[in-house]
Amino acid sequence: MNWIDNSIDSHARLLALRSARSEAISSNIANSATPGYQARDVDIGREFSSYLNQSGPNIQKTQPGHMEISGAGSFDLMYRIPQKVSENGNTVEPETELSAFTENAIHYQAGLQFLSSKINGLRLALKGE
Amino acid sequence: MSLMNVFGINHSALVAQSTRINLIAENLANADVAASTPEEVYKPKYPVFSTLMDASAADNQARGVTIEGIATDDRAPRNEFNPGHAMADENGFIYMPNVNPVQEMANMMGASRAYQTNIELMNSAKNLLMRTLTLGQ
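Protein chains in written order, with the numbering used here: chain W, 1 to 129; chain R, 130 to 266.
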């Protein structure tokens, strides 16, 4: 079933990254009034290209029953560089965070759409009608 | 599923912001309460926010916001010379709380904006999850 895994895995990884990013942004918004809080974000482009470049984690398959490891792995949380300085050390800029969240949501929906068409295509191929 | 955590995180922010709005209402309601001694005067209250950290997660990811405590503004109260007032002391002074209505209103606008933003985020997350549930149909 490797070919099905291969065609779906990267979409799944991208959606996992996107939902991790929406979580990071929502905790930024939640802490928009907390003194000293530093905004975090996930760099989707960097994480996804490192996912594409790796040939899986460094684990060898030694038995025939061992399975492929799929890509819902870890990611780095980066600190956002603020555009303006605030007195209490908080680096959350609500307008930046909201636009990032909306952009992320649109990309998530697009990812879902692609994955959905992929599944439909696979299903069509399996049915052979 | 990280999108599910969005609800918990934003819920903690809603609780924090509504506590903030409650304290502002309390400050404004007590803005005109006079007292006969400086000790008895109402002192404005403000919430102290702090980040809720997830110790179990790698990289110290934040899990929302919590109210660490409630700080009071302990500056000396305004004293007014008003000998006819029922609460006036022997020198004819009454003591008024240090509440600044303009500051409280600005604070309230900030709190209600933050509350709205958090609700908007929860709504978007809900839509994304609903779309995810119908995946492949």
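Rather than coming from a laboratory, the hints here were simulated on the basis of the structure.
Do not rely on the hints blindly, as some may be mistaken.
[To be verified] Here are the simulated distance ranges between beta carbons: (1) W:Ser74 x R:Tyr175: 34 to 40 Å; (2) W:Tyr79 x R:Val144: 34 to 40 Å; (3) R:Ser241 x W:Asn120: 41 to 47 Å.
[Unchecked claim] The following residues of chain R were derived to be distant from chain W, with all beta-carbon distances above 10 Å: (4) Ser147; (5) Ala160; (6) Val162; (7) Pro167; (8) Val170; (9) Asp203; (10) Gln232; (11) Ser241; (12) Ala243; (13) Glu249.
For glycine and all other residues, C-beta sits at the position ideal for the given N, C-alpha and C.
The hints, checked one at a time:
1. W:Ser74 x R:Tyr175: 34 to 40 Å: At roughly 39 Å between Cβ atoms, R:Tyr175 and W:Ser74 fall inside 34 to 40 Å, so the hint holds.
2. W:Tyr79 x R:Val144: 34 to 40 Å: This hint is violated: roughly 26 Å between Cβ atoms.
3. R:Ser241 x W:Asn120: 41 to 47 Å: holds (44 Å)
4. Ser147: Consistent with the label, R:Ser147 stays out of reach of chain W, its closest Cβ about 13 Å off (over 10 Å).
5. Ala160: At about 22 Å from chain W, R:Ala160 clears the 10 Å cut-off, so the statement holds.
6. Val162: holds (27 Å)
7. Pro167: Given a closest Cβ separation of 29 Å, the condition holds.
8. Val170: Non-interface label stands for R:Val170: nearest chain W Cβ at 27 Å, farther than 10 Å.
9. Asp203: Since the minimum Cβ distance to chain W is about 19 Å, R:Asp203 lies beyond 10 Å and the statement holds.
10. Gln232: holds (15 Å)
11. Ser241: holds (12 Å)
12. Ala243: It is violated; R:Ala243 is separated from chain W by about 6 Å at its closest Cβ, not greater than 10 Å.
13. Glu249: violated (8 Å)
The structure fails hints 2, 12, 13 (numbered hints given earlier, in ascending order).
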